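Colleague: Given the structure of chain R, go ahead and fit chain H onto it with the hints provided.
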Amino acid sequence: MKPLITVSNLKMHYPIKKVDSFTKYDLLKAVDGISFDLFEGETLGLVGESGCGKSTTRKLLLNVEPPTGGEVFYNDENIFTMDRSSLKDYRRNVQTVYQDPYSSLNPKWKVLKLVSEPLIVHKIGSRKSREVKVRELLSLVGLREQYIDSFAHEFSGGQRQRICIARALALDPRVIIADEPVSALDVSIQAQVINLFKDLKERLNLTYLFISHDLNVVKHISDRVAVMYLGKIVETASCDDLFDNPKHPYTKALIKSIPVADPEEKTAVAALKGEIPSPIDPPPGCAFHTRCPEAMDRCREIIPEMFSISGDHQVSCHLYTGGNKTV
Amino acid sequence: MPDLSLLKVNNLKIEFATDRSKILAVDGIDISLKRGKTLGLVGESGCGKSVTALAIMGLLPRHASISGEVFFKERDLLKLKNKDMAKIRGNQISMIFQEPMTSLNPVFNIEYQMAEVFKLHRGKSGKEVRPEIVDLLRTVGIPNPERRMKDFPHQLSGGMRQRVMIAIAMACEPDILIADEPTTALDVTIQAQILELMNELQRVHDTGLLMITHDLGVIAQVAEKVVVMYAGHIMEYSGVKEIFSDPLHPYTRGLLKTIPRISRKTKRLEEIKGTVPHMSNVPPGCRFHDRCSERLARCSKETPPVSQVNGRTVRCWLY
Chain R
1 MKPLITVSNL
11 KMHYPIKKVD
21 SFTKYDLLKA
31 VDGISFDLFE
41 GETLGLVGES
51 GCGKSTTRKL
61 LLNVEPPTGG
71 EVFYNDENIF
81 TMDRSSLKDY
91 RRNVQTVYQD
101 PYSSLNPKWK
111 VLKLVSEPLI
121 VHKIGSRKSR
131 EVKVRELLSL
141 VGLREQYIDS
151 FAHEFSGGQR
161 QRICIARALA
171 LDPRVIIADE
181 PVSALDVSIQ
191 AQVINLFKDL
201 KERLNLTYLF
211 ISHDLNVVKH
221 ISDRVAVMYL
231 GKIVETASCD
241 DLFDNPKHPY
251 TKALIKSIPV
261 ADPEEKTAVA
271 ALKGEIPSPI
281 DPPPGCAFHT
291 RCPEAMDRCR
301 EIIPEMFSIS
311 GDHQVSCHLY
321 TGGNKTV
Chain H
1 MPDLSLLKVN
11 NLKIEFATDR
21 SKILAVDGID
31 ISLKRGKTLG
41 LVGESGCGKS
51 VTALAIMGLL
61 PRHASISGEV
71 FFKERDLLKL
81 KNKDMAKIRG
91 NQISMIFQEP
101 MTSLNPVFNI
111 EYQMAEVFKL
121 HRGKSGKEVR
131 PEIVDLLRTV
141 GIPNPERRMK
151 DFPHQLSGGM
161 RQRVMIAIAM
171 ACEPDILIAD
181 EPTTALDVTI
191 QAQILELMNE
201 LQRVHDTGLL
211 MITHDLGVIA
221 QVAEKVVVMY
231 AGHIMEYSGV
241 KEIFSDPLHP
251 YTRGLLKTIP
261 RISRKTKRLE
271 EIKGTVPHMS
281 NVPPGCRFHD
291 RCSERLARCS
301 KETPPVSQVN
311 GRTVRCWLY
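Chains as they are written, first to last, in the numbering used here: chain R, 1 to 327; chain H, 1 to 319.
If you are wondering where the hints come from, they were derived from the structure by calculation, not from laboratory data.
Note that the coordinates shown come from a computational prediction; the quantities given were computed from them, not determined experimentally.
Take the hints with a grain of salt, since some may be wrong.
Said to hold, decoys possible - List of simulated lysine-lysine pairs, DSSO-like, C-alpha gap at most 30 Å: (1) H/87 - R/273; (2) H/127 - H/34; (3) H/87 - R/252.
Claimed, not checked - Among the chain R residues that face chain H by a calculated CB cut under 7 Å, a handful are: (4) 186; (5) 187; (6) 191; (7) 258; (8) 263.
Just so you know, even glycine gets a beta-carbon here, dropped at the ideal spot from N, CA and C.
Just chain R, same shape as in the assembly:
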């Protein structure tokens, strides 16, 4: 199967002024050479702790700013070099839902304008046909059509997130990049929105890149999962494989750290010591070696490459260098 979007060795290094110098810069390696494929009709979960580069990846995929290295292919074209009209087509097909539904809706606009804005920007339809479309979208995301004349502040968090989803769907995109879409919502509302994402995917044949720090949510919604640490992808696998049979010590620790909602099962132990190192001056070798319980000498010197363990299970760790090398 041909991937819909191919990300190849994508890098984003931000220059940060050095504290003690006027002219020298440090490089903050927010995304440091990641590669993955997004296949049509799948949900790829992207997990990692704060500062690991999840959101920067989103920004680059939406072509908000040019990366410092690497390519993203859509229809065999690099989105960073494609011409204006193909870029417009790309942007029509790749839409996004943000984390905070409170700050991503203009408080002065009514729902009609909020949801039809993408249609106006892309000059689609007449005023009348746009209103019809907005009504369709509202019922699609489970909101009553009467709400078309309401302002964003009249809605609760879950309803606002539904408006954001309706807006993302306005242009009939193929891919939705959702950046922590449920983490600002209450638990009982989270379930509603996650179910909505699942339903929409089936009805509209969408492809999701689902970015989240919450492994429970990611496990529930994803077909495949990629785990990021300090700007790099350390493991990718099918969802079941990753959770049943994690390979990378970081993935193992991450899964172990989640408090289990069962008092009989005291599992949440601090599996990792220490904190995430700064991406300005990441540790040499494997970036995880400073916290890794299984670190070896070569981890401190050599950066591990991606190895394929079985099928689509790939891991970047020196423990598994016996596998077949990929890329």
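Modeller: Just chain H, lined up with the frame of chain R:
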């Protein structure tokens, strides 16, 4: 009355007057906390969890009207003068807030902010307490405390700041520690570290811990008793094992079903329909009735009383 409870809250009501209406944020709750034990307070946003904590600490703004009793060591905290309350607050009862980023003062270094606690409650001055500060920072797991205490809050990461907050809260070895969503702003691997640390400190000092969170996973791991709140009411109050293995209230049952779990993969998550009511507009009768899957005819008219089922407290017409 011989009561082993360290803290006992009876029929606490908190009302806020706004320009348009009065909002009853907490409507008559009773909880008690024993030494060395952990009480979990769960609920969604706006259910009155944090307001309850602030009322116990005596930190609510003046326009809030509070009634009921909060007994701490046979004294009603609500009747104390500000001056007396200030002696208890931060000394015998302390609190950790959710946002470690905003609860430290950005213009003072860590040493100064920690010395403040000792100055206020122990009457000790700057230089005397330095070894104590270093000790405290070491117990909460901050490496190189002699150097780190000269740092300002912005130089520390979120997890480090929360450790400093815990160190400040534990400085006077309080009898009660109130933790309001202490790990919500942190990453999972850091969350596990902080929970372990709090557990350790609680064991050493025999502190009563009131843990407020919306994360049922955290509750399952740390609490012995759990209070489930919804729209200002206690819906269910019992031991942690009973809550998770045999939830009585439909709301508790719903909450447990809605959370996605690693250990169990289902096609669709169960949902609780509707949204959390706004406190200015609470439904009549049982506050949960419009979202409840098991509602009876009387649920929408009469508020269910608090009833006891096998030593467990629940507010529902089903019992």
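Colleague: For this structure, which hints from the list above don't hold up?
Modeller: 1, 2 and 3
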